[in-house]
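Protein sequence lines, in the order shown, are assigned to chains Y and H.
If you count the first sequence from 1, position 258 lands on 356 in my numbering, and the numbers rise without skipping.
If you count the second sequence from 1, position 355 lands on 453 in my numbering, and the numbers rise without skipping.
Just so you know, these hints were derived from the structure itself, not from any lab.
One or more of the hints may lead you astray.
Repeated chains share a single entry, so a pair holds when one copy, or any two copies, can fit it.
Straight-line Cα separation of at most 20 Å, EDC-like style, residue types lysine to aspartate or glutamate; simulated pairs [what the hints assert, rightly or not]:
hint	residue 1	residue 2
1	LYS402	ASP427
2	LYS402	ASP273
3	LYS382	GLU301
4	LYS449	ASP119
5	LYS449	ASP216
6	LYS206	GLU183
7	LYS418	GLU236
8	LYS402	GLU295
9	LYS382	GLU225
10	LYS418	GLU320
Please read these numbers as outputs of a predicted model, since none were measured by experiment.
There are 2 protein chains.
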Amino acid sequence: MTETAILETGRDGQAAASINDLETPCLVLDVDKMDRNVARLRSRLEGFGVSLRPHLKTAKSIEVARRVMTSNEGPATVSTLREAEFFAAAGVKDIIYAVGIAPAKLPKIAELRRTGCDLAIVLDTVEQARAVADFSREAGMAIPALIEIDCDGHRSGVLPRDRQRLVDIAAALTDGAELRGVLTHAGASYGARGVEELRRAAEEERQAVVDAATILREAGHECPVVSIGSTPTAHHAQNLDGVTEVRAGVFVFFDLVMAGIGICDIDDIAVSVLGTVIGHQEEKGWILIDAGWMAMSRDRGTAKQDVDQGYGLVCDIEGKPYGDLILADANQEHGIIAVREGSDAKLPDLKIGDRVRILPNHACATGAQHSSYHVVRGGSDAVEAEWPRFGGW
Amino acid sequence: MTETAILETGRDGQAAASINDLETPCLVLDVDKMDRNVARLRSRLEGFGVSLRPHLKTAKSIEVARRVMTSNEGPATVSTLREAEFFAAAGVKDIIYAVGIAPAKLPKIAELRRTGCDLAIVLDTVEQARAVADFSREAGMAIPALIEIDCDGHRSGVLPRDRQRLVDIAAALTDGAELRGVLTHAGASYGARGVEELRRAAEEERQAVVDAATILREAGHECPVVSIGSTPTAHHAQNLDGVTEVRAGVFVFFDLVMAGIGICDIDDIAVSVLGTVIGHQEEKGWILIDAGWMAMSRDRGTAKQDVDQGYGLVCDIEGKPYGDLILADANQEHGIIAVREGSDAKLPDLKIGDRVRILPNHACATGAQHSSYHVVRGGSDAVEAEWPRFGGW
């Protein structure tokens, strides 16, 4: 896996100067929109004086990581050991692996820490804390861990006022390992609607970790890191007192789910899938393209929102939405474009070989289907670079 | 991309003798079940005297391909040029690229044909037929194409009785290229319920291509290939008169969607995702594992079936279902195991670090999230090999 941008090549192996020459389907990244998205959250958090620890699971690309992190050395968040390994090798020195630790993964954690990366882990049970402390003592290395807090009941974590469990975990952990702090993720905020609900989710997220940190400090622990994070709450928090850092991932690209919640505009979405028209079913009002669910992912995150975008919103080659034109259905390598149900919009006159760009429901899921980003700026057809991305565990 | 099985390695880089030593999440393939699934369809089709042209989009692995194809040289079906390229390089010489052709892909088709692979394409418009004929004349190579037939209105293709369009496409195509035959896919059969509906879908699929072939022959064309294919219809057709070959893909592994339609038993499903327990939410009745939607895919194909399996059906480390235990929800790298709603089954006593295997809704989608198969047999914990798989376009 190269760390630097590789030369963009087209069908004939030559430099692909134009988006019109890319093989389809492929992933296109509008770097101007991305830079704007990053600047927006950075400037917001600077106002609160808290640091940004971006979640690199969305992009899985060193080129994107370096544009979203505060420095080339981090801080950063990851969701897999593969990400930790890749970014540590690329010089990132401050990483939280933000999925509850399985004890069998500790040798790899120790190995990465020995390369000079301050890699911290997350846990929420006494069982895990004991395993980490035991391993730390044997390895002669105090592995730092954050206690995950459950701020909204959507996934894992200790309830913020479960004093006994918090104190038990901290006691088990500090018997050999290091208590780095507390961490939570307001996953339920993805289902929030409207500014008031989002602000409330953000405040509940903050309150949960601050309460947990207070309990731990009262029990004599330092708890230096108080970490919150989700793209919706990061953009709506009104108060971050007691919080030391914010994690967020999808804000770098945004997507239709985020637009549906009201966190961004459609025009802010920086990634799209380029597809080619391969057929028509005129009586049905369908246009067939060569981008199906393999290129878009099976994510149907807008299905429960007010506006169901199918498998994605269809734009012209410059990235401008046609309006009410969606990828209504998908097979593995076929996408079916149709006018949204109930709309009286007209099907555009797209011929065999014409190209479209599809905005995704969920940037993390769609990105994961591709091995690189084809980098463009705004409506220009020039492809500036191809940035590799990786997957796996 | 290596063509041969690579040595299975575990966390420490040593040979992983046991499924207990694999890094999680990862993809496990029970090769005994796979061999049984392949033998079942082969023997069924031998009874009809038609050949099997397996769809390699499900497995994307040369080791699997060689166990499912009639010979190492094919025949085979693919869904991307990347698959065509990979399998042609591995010696497969008879391939249909079964997604409507975009004219910009023709140079790559010609390039692969020049390597000695008889790669045929698919189209359903006069526009495409003209582009293929024009390209063929310029390239000095008659590219073979099949006309796609729409047997059930679910996707692309010419209606089987649209004589004019069929004859126009054939005329345009044969002005430089080659008419190889007709092809259809009974995609709507995935929504069929019960043996009678499945038999009807199979008969409609057969009738559609046979009718189209008759029209083309009456117009003076040879139409040597009459190709049908879907896993449900391949297993339920009662009559294949006039059909020369059957394409099917997911039959090699099967999955919960196929079990839900009644094409296989749960016990026939050959692929599963291995995950590790990373937490509990006891009050909610949840067990958290490190296999989320990134490992399972976002496919929720059983959501509309009688039995909704969530993101997958949970089995023990030997692959035996616990019963009514499903991956009820998933985040990117977190899976939430719970007892199916309405069931009085008990949550098994799974501790941090214990391992489970999750059967997928859709083998094609889940497989695509992984870079290799870890090969086991039955309930044995021995991992015999790691077979690489590829993705992309």
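Results for each hint:
1. Proximity of LYS402 to ASP427 under the C-alpha cut-off of 20 Å is found in both arrangements, the shortest distances being 16 Å within a copy and 15 Å between copies.
2. Taking the closest pair of Cα atoms, LYS402 and ASP273 never come within 20 Å of each other, the shortest separation being 46 Å inside a single copy and 50 Å across copies.
3. Within a single copy, LYS382 and GLU301 get their C-alpha atoms no closer than 48 Å, and across copies no closer than 24 Å, so neither meets the 20 Å cut-off.
4. Taking identical chains as interchangeable, the C-alpha atoms of LYS449 and ASP119 lie at most 20 Å apart only when both belong to the same chain, with a minimum of 17 Å there against 53 Å between chains.
5. Taking CA atoms no more than 20 Å apart as the test, LYS449 paired with ASP216 passes in neither setting, with 54 Å inside one copy and 28 Å between copies.
6. In this homomeric assembly, LYS206 and GLU183 come within 20 Å of each other (Cα to Cα) only inside a single copy, at 9 Å, whereas the closest approach across copies is 36 Å.
7. When the C-alpha separation of LYS418 and GLU236 is checked against a cutoff of 20 Å, the pair qualifies neither within a copy, at 58 Å, nor between copies, at 36 Å.
8. In this homomeric assembly, LYS402 and GLU295 come within 20 Å of each other (Cα to Cα) only inside a single copy, at 17 Å, whereas the closest approach across copies is 31 Å.
9. Taking CA atoms no more than 20 Å apart as the test, LYS382 paired with GLU225 passes between copies only; the shortest distance there is 19 Å, against 58 Å inside one copy.
10. With identical chains, the CA atoms of LYS418 and GLU320 are never at most 20 Å apart, being 51 Å at best within one copy and 46 Å at best between copies.
Hints 2, 3, 5, 7, 10 from the list above are not met by this structure, while the remaining hints are.
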